[in-house]
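Using the hints, put the two standalone chains together into the complex.
For the record, the sequence lines run as chains R and G. Each residue of the first sequence is one higher than the last, beginning at 1 in my numbering. Each residue of the second sequence is one higher than the last, beginning at 1 in my numbering.
Just so you know, the hints here were simulated from the structure itself, not pulled from any lab data. Certain hints may be false.
What the hints assert, rightly or not - Heads up, simulated DSSO-like pairs for lysine-lysine below, C-alpha to C-alpha not over 30 Å straight-line:
{"hint": "1", "chain 1": "R", "residue 1": "Lys321", "chain 2": "G", "residue 2": "Lys113"}
{"hint": "2", "chain 1": "G", "residue 1": "Lys173", "chain 2": "R", "residue 2": "Lys321"}
{"hint": "3", "chain 1": "G", "residue 1": "Lys113", "chain 2": "R", "residue 2": "Lys327"}
{"hint": "4", "chain 1": "R", "residue 1": "Lys178", "chain 2": "R", "residue 2": "Lys324"}
Stated by the list, open to error - Ranges of calculated distance between the beta carbons of each label pair, as one might list FRET restraints:
{"hint": "5", "chain 1": "R", "residue 1": "Ala79", "chain 2": "G", "residue 2": "Glu112", "range": "30 to 38 Å"}
{"hint": "6", "chain 1": "G", "residue 1": "Asp73", "chain 2": "R", "residue 2": "Pro326", "range": "35 to 43 Å"}
{"hint": "7", "chain 1": "R", "residue 1": "Gly222", "chain 2": "G", "residue 2": "Glu140", "range": "48 to 56 Å"}
{"hint": "8", "chain 1": "R", "residue 1": "Arg63", "chain 2": "G", "residue 2": "Asp44", "range": "29 to 37 Å"}
{"hint": "9", "chain 1": "G", "residue 1": "Glu140", "chain 2": "R", "residue 2": "Glu214", "range": "50 to 58 Å"}
{"hint": "10", "chain 1": "G", "residue 1": "Pro147", "chain 2": "R", "residue 2": "Val235", "range": "23 to 31 Å"}
{"hint": "11", "chain 1": "G", "residue 1": "Pro145", "chain 2": "R", "residue 2": "Glu224", "range": "37 to 45 Å"}
{"hint": "12", "chain 1": "G", "residue 1": "Asp44", "chain 2": "R", "residue 2": "Glu110", "range": "20 to 28 Å"}
{"hint": "13", "chain 1": "G", "residue 1": "Thr84", "chain 2": "R", "residue 2": "Lys318", "range": "27 to 35 Å"}
What the hints assert, rightly or not - Pulled a few chain R residues facing chain G out of the computed Cβ check, cut under 7 Å:
{"hint": "14", "residue": "Arg63"}
{"hint": "15", "residue": "Lys102"}
{"hint": "16", "residue": "Pro109"}
{"hint": "17", "residue": "Arg111"}
{"hint": "18", "residue": "Ala243"}
{"hint": "19", "residue": "Val346"}
{"hint": "20", "residue": "Asp348"}
{"hint": "21", "residue": "Ser364"}
C-beta atoms are modelled at their ideal positions from N, C-alpha and C, and glycine is treated no differently.
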Amino acid sequence: MVTDSDLTKHLSEAQVSVELQTEDMTLNIGPQHPSTHGVLRLVARVNGERCFDVRPVIGYMHRGYEKLSEVRTYLQITALINRIDWVSGYANEIPFIVAAEKLMDVEVPERAQYIRLILTEMARVSSHLIFMASYPLELGAATPLFFALRDRERVLDLLEGVTGGRFHPNFNRIGGVKPNAGAGPTTKKTPQDLPAGFLAETRDAMSVVLHTCEEIEDLVGGNEIFRARTKGLGVLPPEVGAAFGVSGPNLRASGVKFDLRKVESYLPYDKFDFDVVVGENGDCWDRWWVRLQEIRESAKIIQQAVDGIPPSGPLQAKVPKLIKVPKGETYVRAENPKGEMGYYMVSDGGTGPYRLKIRSASFSNISMLSWILEGVLVPDIIAIMGSLDFVLGDVDR
Amino acid sequence: MTSSPSDPELAVHPLQEFADTAAEAVGGEAEIQFDTIKLRVPADQWVDALTKARDNLDLVFFSWLSAIDWANDVEVGDTLNEETEERIELLCTVCDLTEGRRITFSTDLPNEKPSVASLVEVYVGANWHEREAAEMFGIEFEGHPDPGPLYLPDAFLGNPLKKSYPLLSREVKPWPGTVDVEDMPEKPSTENPEA
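Just chain G, same shape as in the assembly (with noise of 0.2 Å):
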């Protein structure tokens, strides 16, 4: 329950009351992270939770949704720090128009076969959101309208934002490439031929 480092640990967060609100209203468990309001549900409540939210608390503005691969072993990028529990955690998160309130909703998936049910009936914004998802992390949403790749060509093999993917950039000329500067091309000769 921290807001910044720097607060006292004991001092309220002004958004505590509403992430409290929000929590009885949906069910499930809200943190509150530099400024931030998580609300994590269990996979099964997903569509439940945010028909709640917008319904009930008047979350009605689709912002994004999207996926973390928490991974231990990452072929590109910093790995953790510490070990983790290997999931797929899908967070969503819808506002309201108003006041500016927000809530990112998570939930943790199995990182095997990862499922869970589409949200396009209660916001159907989340069509091409989840279609990235789903390329992106391979993510299955059931009973998706319109299942298939978004972004990535139609033969493309595997989910790129998974940290099991290898960048190929990284793999053809690995990073830093040459630490100190590359060296300097010849000097062409100063001496015009025709001259």
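Next comes chain R alone, as it looks inside the complex (with noise of 0.2 Å):
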């Protein structure tokens, strides 16, 4: 028979057993999860709400194009690595091809230096703006996506544009650029060359691109729930950003003045009048913030670079036919969307290299997941993973 002062003690016992008793459980996140940007899978140890040990398994894209790029030539190679950031595959084409020239000394003409500066800004611009996109809607607002798609998309038009691919440009070759057919008059006299229109419309997309910025972060930026997320969290000290090299505006976020863009001469940056913008405390929020002020930095850029580019002159320097490319040894890095990204080319005088190792930002970028997740809540899980904007296929290679 069952007393009442049973029942109390049993209950009691159960109270307790509730607080003491809890059991880690593994929790696994992907390989196809909406905010990993591709196919990442994480291996949590959960207690309560809380993720401990967190492991990222990667691996589910890896297409090996450093062995690839061993049997190819300099010319195949640029249309494998516009699919490493898929998303500023523009981008990825101009250390490897810089790297290339260096290796060649040939001089790139000042026209379509300016080119691939505009082209690769844009890339920039649509890059981030895809991340002012995805990364509210991945905290639950879906509002901002349209106000970031629409204006990416017209970016990503004047990019078709040029190179006739609003993804893949593969536009980049040794010695210069090579705008596609139609994109203006292909006799003799004068060779291939922008779109008509092209600096004018590129000028009124930057401004648009200006206008939505402010529109973002007012609509974003002053949203209280998007603040009380991303504040504080996900804090990212410098000094550990950089041993584990990361890089680009995470590395920024965290009051890093350091930009490939104002070191390395990649690129004619020097000729251009823009700033680099750092956050103060390195979390979520700043990682945001420091993206959308890039957006108007490059925007910023672009608009120069329209107004003082060289009215007519060649985009294309002499090279051989076949390209061949001297024995050596480079590294060339670029300041990409997501960070530093650079090839080491090994050339012994083939037409194409004997190794190329590919540095890819991305890679880096998230190989610090299991330090910055230690300890977290489940759902700031995709909070952190949302602001460090990275892209499985700049992951895996």
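See below:
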């Protein structure tokens, strides 16, 4: 027979056991999860709402580009490396082409350099606009997506008009650039050039982008929920970020004023006036804010470049028909939208590299996931991962 | 000591001073090739050299680590023009975060059972890069806290980035395939049978 005292005893025991006995659970996230921007899998040990011991599992998208480059010619490799970070395919080509040009000692015509610079910055704008669209979406706000994608589409249209490709332009040639057929007159006297009206349209598009930045700053930055979800979360100290090799906006958000556009000379950035924007705390909010400001800086650079581009001139330096790169080794890195992207190129004088090491930004950026996700709440996993803005093609190569 | 082929041979490269300082501080042999400083160190001083680079030269940013398989016989791709000493060359680039200086460290490892001390204690970012180099080149990193494949499946055999490793797609269909354009498929009949 159960007495009242038995019941109370039982109940009190039950309460105690609820408080004390918690079991760890293994939570598997991915490989297919919308916020992983590709196929990333996370295995986390979860205790209540906190997660510990998070292990990223990568390699679902490994395509072996470094091996494939060893059996391809330089011209063929640009088509491959477009697919590394597909959100900013154009920017991937630049350090590779510059490395080959450095080994060949080719001087690129100024007009071609300006076109490269304009398109690289466009790739940055479109990549950051994707982030502006997807990050609030991952935190539950769908509206900013429409604002950001509307303008990204405009930028991509311009990119497509010049190169013929929205995502994978494959536009750079050793010694210059190659506008697509139909982009301009193609007689022998007047070779292919930028499409008519491109420069004016670009200027217009950039003022639209600048206006959208204001809108996004109001709409997202002024949102209480967004602020509460991102401020103070996922703080990355600069020294930890540097040791992990975290680069680009993610490192600048931690207060490191370092931009490869200022220190390396792969494109004529020294002719333009722009700021290196840094954050203060290195949290998710700063990473979002720094990218928003970078869109503005890029738009500023593009507007200056559109004004300053030489009105005419060759787009291609004289290079042999069969490209053979002389023997040598070099490392060329560039400030890509995701961070430092570089190629260590080893040539033995053949039509393709002997070895091509691809240093991609997202690989190093997410190698610190286990560190930054240690002890955070489960819903914050997505908030932190989203703020790092990685692409799995850039991780796995 | 060439910077680029057009430079006069005697001109001093702008990076020369930093290369000399680094070689003195770290020990090793500096060489500038196409604006890239390469510092050769012996394999047993690998960790020591990079620790000094981090502490004395302020190269705090870990950029990448990888290797080159120098081989005379290759399964795919072009062979080297001149015979080389067969070895695995381990490379690691570290940079500063102020003036954009960078050094690529290099050390030679034997072709058979290459092994070197792990850098994870010095640069924590070396973790994934070493795991990648380990599976791709068969290098053993002693003292690595978390060894194991990174990209490749657990049961994968071989080291894909070694020159002796064949490329499966090339084995199945040799390059360049049909030299001329492949035959057009037969024209479908223009007559509509139901008409």
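Now the hints, each set against the structure:
Restraint check for R:Lys321 and G:Lys113: not satisfied, since their Cα atoms lie roughly 42 Å apart, outside the 30 Å limit. With a C-alpha separation of about 27 Å, the suggested pairing of G:Lys173 with R:Lys321 holds against the 30 Å cut-off. Taking the CA atoms of G:Lys113 and R:Lys327, the gap is about 28 Å. The hint holds against a cut of 30 Å. About 19 Å separates the Cα atoms of R:Lys178 and R:Lys324, which keeps this hinted pair within 30 Å; it holds.
For R:Ala79 and G:Glu112, the hinted distance range of 30 to 38 Å is satisfied, since their beta carbons lie about 37 Å from each other. Checked against the hint of 35 to 43 Å, the pair G:Asp73 and R:Pro326 fails, with Cβ atoms roughly 24 Å apart. With their beta carbons about 54 Å apart, R:Gly222 and G:Glu140 fall inside the hinted range of 48 to 56 Å. Distance hint check: the CB atoms of R:Arg63 and G:Asp44 are about 36 Å apart, consistent with the given range 29 to 37 Å.
The hinted window of 50 to 58 Å between G:Glu140 and R:Glu214 holds, with their beta carbons roughly 55 Å apart. Take G:Pro147 and R:Val235: their Cβ atoms lie about 30 Å apart, and the range 23 to 31 Å holds. For G:Pro145 paired with R:Glu224, a C-beta distance near 42 Å keeps the hint of 37 to 45 Å intact. As the Cβ distance of G:Asp44 to R:Glu110 is approximately 49 Å, the hint placing it in 20 to 28 Å is violated.
With their beta carbons about 32 Å apart, G:Thr84 and R:Lys318 fall inside the hinted range of 27 to 35 Å. The criterion of a C-beta within 7 Å of any C-beta in chain G is not met by R:Arg63, whose closest approach is roughly 10 Å, and the hint is violated. For R:Lys102, the suggested interface contact is upheld, since its CB lies about 5 Å from the closest CB of chain G, less than 7 Å. Evaluation of the R:Pro109 hint against chain G yields a violated restraint, the C-beta minimum of about 17 Å exceeding 7 Å.
The interface hint given for R:Arg111 is broken, as the beta carbon of that residue sits about 22 Å from the closest beta carbon of chain G, more than 7 Å. About 5 Å separates the beta-carbon of R:Ala243 from the nearest beta-carbon of chain G, less than 7 Å, and the hint is met. For R:Val346, the interface hint holds, since its Cβ comes within 7 Å of a Cβ in chain G; the closest pair sits about 6 Å apart. Below 7 Å, beta-carbon pairs count as interface contacts, and R:Asp348 has one with chain G at about 5 Å; its hint therefore holds.
Residue-level restraint check for R:Ser364 holds (minimum Cβ-Cβ distance to chain G is 6 Å; threshold 7 Å).
In summary, the structure is inconsistent with hints 1, 6, 12, 14, 16 and 17 from the numbered list given earlier, while agreeing with the others.
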